[in-house]
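Modelling step: build the complete structure from the supplied sequences, incorporating the hints.
Residue numbers (numbering that gives the first Met the number 0), protein chains in the order written: chain A, 0 to 164; chain B, 0 to 349.
For the record, the hints were derived by calculation from the structure and aren't laboratory data. Check before you lean on any hint, since a few could be wrong.
Derived SDA-like pairs (lysine to any residue); straight-line CA-CA distance at most 20 Å [what the hints assert, rightly or not]:
#1 B:K183 to B:R215
#2 B:K37 to A:D42
#3 B:K37 to A:D19
#4 B:K37 to A:V22
#5 B:K37 to A:L17
#6 B:K1 to A:R43
#7 A:K153 to B:A335
#8 B:K37 to A:D18
#9 B:K37 to B:R115
Remember, predicted model here, so these are calculated numbers, not experimental data.
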Amino acid sequence: MPFSITLTVNGEKRNIELDDPRVTLLDLLRERLDLTGAKKGCDRGQCGACTILADGKRINSCLALALSYDGAELLTIEGVAQRDSLHPVQAAFIAHDGFQCGFCTPGQIMSAIGLIQEGQAGDDPERIREGMSGNLCRCGAYAGITEAVLEAQKILVEKNQRDAA
Amino acid sequence: MKTFEYIRAKSVSAAVAASVAPGAAYLAAGTNLLDLMKGGAARPDRLIDITHIPGLDRIERLPDGGLHIGALVRNADLARHSDLLQAYPAVAEALLSGASGQLRNMATVGGNLLQRTRCSYFYDVASACNKREPGSGCDARHGENRLHAILGWSESCIATHPSDFCVPLVAFDAIVEIEGDKGKREIPLEDFYRLPGDAPEQETALAPGEMIVALRVPGASAAFFKHERYLKVRERTSYAFAVVSAAAALQLEDGVIRQARLALGGVAAKPWRARAAEETLAGAQPSEANYRRAAEAALANAKASGDNAFKIELARRIVARALTLASAGTPEHLPALPASPFSSNIGSAP
Numbered sequence: 000m001p002f003s004i005t006l007t008v009n010g011e012k013r014n015i016e017l018d019d020p021r022v023t024l025l026d027l028l029r030e031r032l033d034l035t036g037a038k039k040g041c042d043r044g045q046c047g048a049c050t051i052l053a054d055g056k057r058i059n060s061c062l063a064l065a066l067s068y069d070g071a072e073l074l075t076i077e078g079v080a081q082r083d084s085l086h087p088v089q090a091a092f093i094a095h096d097g098f099q100c101g102f103c104t105p106g107q108i109m110s111a112i113g114l115i116q117e118g119q120a121g122d123d124p125e126r127i128r129e130g131m132s133g134n135l136c137r138c139g140a141y142a143g144i145t146e147a148v149l150e151a152q153k154i155l156v157e158k159n160q161r162d163a164a
Numbered sequence: 000m001k002t003f004e005y006i007r008a009k010s011v012s013a014a015v016a017a018s019v020a021p022g023a024a025y026l027a028a029g030t031n032l033l034d035l036m037k038g039g040a041a042r043p044d045r046l047i048d049i050t051h052i053p054g055l056d057r058i059e060r061l062p063d064g065g066l067h068i069g070a071l072v073r074n075a076d077l078a079r080h081s082d083l084l085q086a087y088p089a090v091a092e093a094l095l096s097g098a099s100g101q102l103r104n105m106a107t108v109g110g111n112l113l114q115r116t117r118c119s120y121f122y123d124v125a126s127a128c129n130k131r132e133p134g135s136g137c138d139a140r141h142g143e144n145r146l147h148a149i150l151g152w153s154e155s156c157i158a159t160h161p162s163d164f165c166v167p168l169v170a171f172d173a174i175v176e177i178e179g180d181k182g183k184r185e186i187p188l189e190d191f192y193r194l195p196g197d198a199p200e201q202e203t204a205l206a207p208g209e210m211i212v213a214l215r216v217p218g219a220s221a222a223f224f225k226h227e228r229y230l231k232v233r234e235r236t237s238y239a240f241a242v243v244s245a246a247a248a249l250q251l252e253d254g255v256i257r258q259a260r261l262a263l264g265g266v267a268a269k270p271w272r273a274r275a276a277e278e279t280l281a282g283a284q285p286s287e288a289n290y291r292r293a294a295e296a297a298l299a300n301a302k303a304s305g306d307n308a309f310k311i312e313l314a315r316r317i318v319a320r321a322l323t324l325a326s327a328g329t330p331e332h333l334p335a336l337p338a339s340p341f342s343s344n345i346g347s348a349p
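What follows is the structure in C-alpha cells.
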C-alpha cells in the first residue's frame with residue numbers, strides 16, 4: 000500500500016509517495032530526494048552524522064521513520080547557506096579547522112546550529128563539548144569544532160542583538 | 000528490517016483498539032524501537048504511530064504541587080521545564096545525563112520508561128537470550144558481563160535497565176498512568192517493572208495493548224528540592240549509559256536528616272529503590288559515616304553475576320558520594336556535565 004506524506008524540505012514543500020513504510024528520513028533525503036549532505040555513518044543513532052533539524056530541533060534522521068514526520072519542516076545542510084554566503088557556523092568550521100576528512104561535518108554543523116538555537120551552552124567550552132557529544136569525529140577535530148561553535152555562537156548572538164535593535 | 004503494517008492513531012482509544020492484533024507495537028519517537036528493528040531484535044508486524052495523538056505532550060502542575068507529564072513529552076522539553084527544575088531538579092539532571100542532544104529532542108517520556116536493556120546479547124540475534132527468545136538461554140551469564148546486574152538478577156537473565164530518568168523517578172514515588180481496552184489504571188513506577196525470575200521477557204506490568212499515557216510525580220516528593228542530586232559513572236563522560244548511578248534526596252531539618260530517598264541505576268533489571276538505606280538515614284546526622292552505612296545497606300544483597308564484582312563497591316561509593324553531594328545542596332544551575340563525577344562544580348568526594 001503506497002503512503003503519501005508532505006514535508007517542507009529546506010523551505011520547499013514536497014509531496015512524497017512512499018511504497019515502503021520502513022524508510023527513514025535519512026534514506027528519504029539521500030536516496031529519494033537527492034540530498035546527500037546528511038551522512039549515513041552508523042545508521043543506529045550513535046554517531047550523529049545524519050543530524051538534521053526537524054521543526055527547528057536537531058534529530059538523528061536515521062532513527063526517524065519518515066511516515067511519522069508527515070507535515071514536518073526539515074532543514075538539512077543543503078539549506079543553511081544563503082546563496083553564495085555561508086552560514087556563520089559553516090564559516091566558523093572553516094576558520095577553525097573544525098574538520099579533517101569532512102564526513103561528519105554536515106552532522107556536526109547541523110548539530111551546532113541546533114545547539115546554538117537551544118541556547119543552553121553559553122560561552123562555556125565544557126557545555127559546548129557536552130552539547131556536541133552526540134556527534135563523533137573519527138579524525139578527532141574536536142578542539143577545532145568547539146572553537147568553531149563558540150565563535151559562531153558569538154556571531155549569531157551579536158547578529159540577533161543587531162536585528163532586534 | 001522486517002516490513003510492517005503502519006497505522007497512524009488519532010486517539011488513545013484508536014491506538015488501543017489497533018493494538019489488539021498479535022505482533023503490534025506502539026511507535027513513539029522510535030529511537031530505541033527502530034534501532035532494535037534494524038538489528039532484528041524487535042520484529043513487530045504492525046506499528047501503531049502514537050505521535051500524532053493530540054494532548055499527550057503536556058506538562059501540568061497538579062493541585063498538590065506535583066507534576067503531570069504526558070507520555071509524548073520529549074526528554075529535552077521536560078528537562079528544561081521550569082516546574083521540573085524547581086520541584087525535581089535531580090530528575091532534570093538525570094534526563095540531561097542521558098543520550099545526546101539529538102536523542103533527547105526526539106525521545107519521549109513513555110518511550111524512556113519502555114526502552115529495552117542494552118545487553119549486547121539481547122541485541123545480537125545470533126546469541127542466546129531468554130528475554131528476546133524465551134527458553135533459548137543466556138549467553139551473557141558466562142560471556143562479557145562486566146556491566147551486568149548485581150541486584151535482583153536470575154540465572155535466566157542478568158540484564159540491566161538502562162534509563163537514567165527512571166532512577167530519581169522511583170525515588171520520588173512516580174506513578175504511571177495506563178490506558179487499555181479495559182479502561183484506565185495506574186501503578187507506581189517501582190511496581191511497573193518486574194525482576195527477571197524465570198520470565199525475563201515479561202519486563203513490565205503492562206498487559207497486551209495497554210499504553211502509557213502519562214507519568215505523575217507526587218507533590219510530597221518536591222519537599223527534597225533543596226538537597227537532591229543524580230550521580231552517574233559511565234565509561235566516557237557524556238553520551239554513555241550508566242555503569243552505576245544513584246539518585247539521592249534529603250530533607251534536612253535543624254541539622255538532622257528528616258527523610259531520605261535513594262535509588263540506583265545500572266544495577267538491576269529495574270531502577271532500584273533502596274528503602275533499607277533510606278531507613279538508616281531517617282533521623283540521622285548528615286555525615287560521611289552515616290552515608291557509608293546507608294551505602295552498605297543499599298548493597299547488602301548485591302551479588303556479582305559475572306566479571307562485575309567491582310560494581311558492588313563502585314555502587315557503595317556512588318551512593319555515599321551522591322548523598323554527600325545532596326547534603327551540600329542542589330546547585331543553583333545544573334553542572335556543565337550533568338551527573339558527572341568529573342564536573343568542575345560537582346564537589347569533593349566523601
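How the hints compare with the structure:
1. A hinted pair counts as satisfied when its Cα atoms are at most 20 Å apart, and B:K183 with B:R215 qualifies at roughly 14 Å.
2. The hinted pair formed by B:K37 and A:D42 meets the criterion: a straight-line CA distance of about 9 Å does not exceed 20 Å.
3. Taking the CA atoms of B:K37 and A:D19, the gap is near 15 Å; set against the 20 Å cutoff, the hint holds.
4. About 11 Å separates the Cα atoms of B:K37 and A:V22, which keeps this hinted pair within 20 Å; it holds.
5. Among the hinted pairs, B:K37 with A:L17 is consistent with the structure: their alpha-carbon atoms are about 19 Å apart, no more than 20 Å.
6. Distance restraint check for B:K1 and A:R43: the Cα-Cα separation of roughly 16 Å lies within the 20 Å cut-off, and the hinted pair is therefore satisfied.
7. Distance hint between A:K153 and B:A335 is fulfilled; the C-alpha atoms sit about 19 Å from each other, no more than 20 Å.
8. For the hint pairing B:K37 with A:D18, the CA-to-CA distance comes to about 18 Å; that is within 20 Å, so the pair holds.
9. This hinted pair checks out: B:K37 and B:R115 have alpha carbons roughly 14 Å apart, not beyond 20 Å.
Taken one by one, the earlier hints all hold for this structure without exception.
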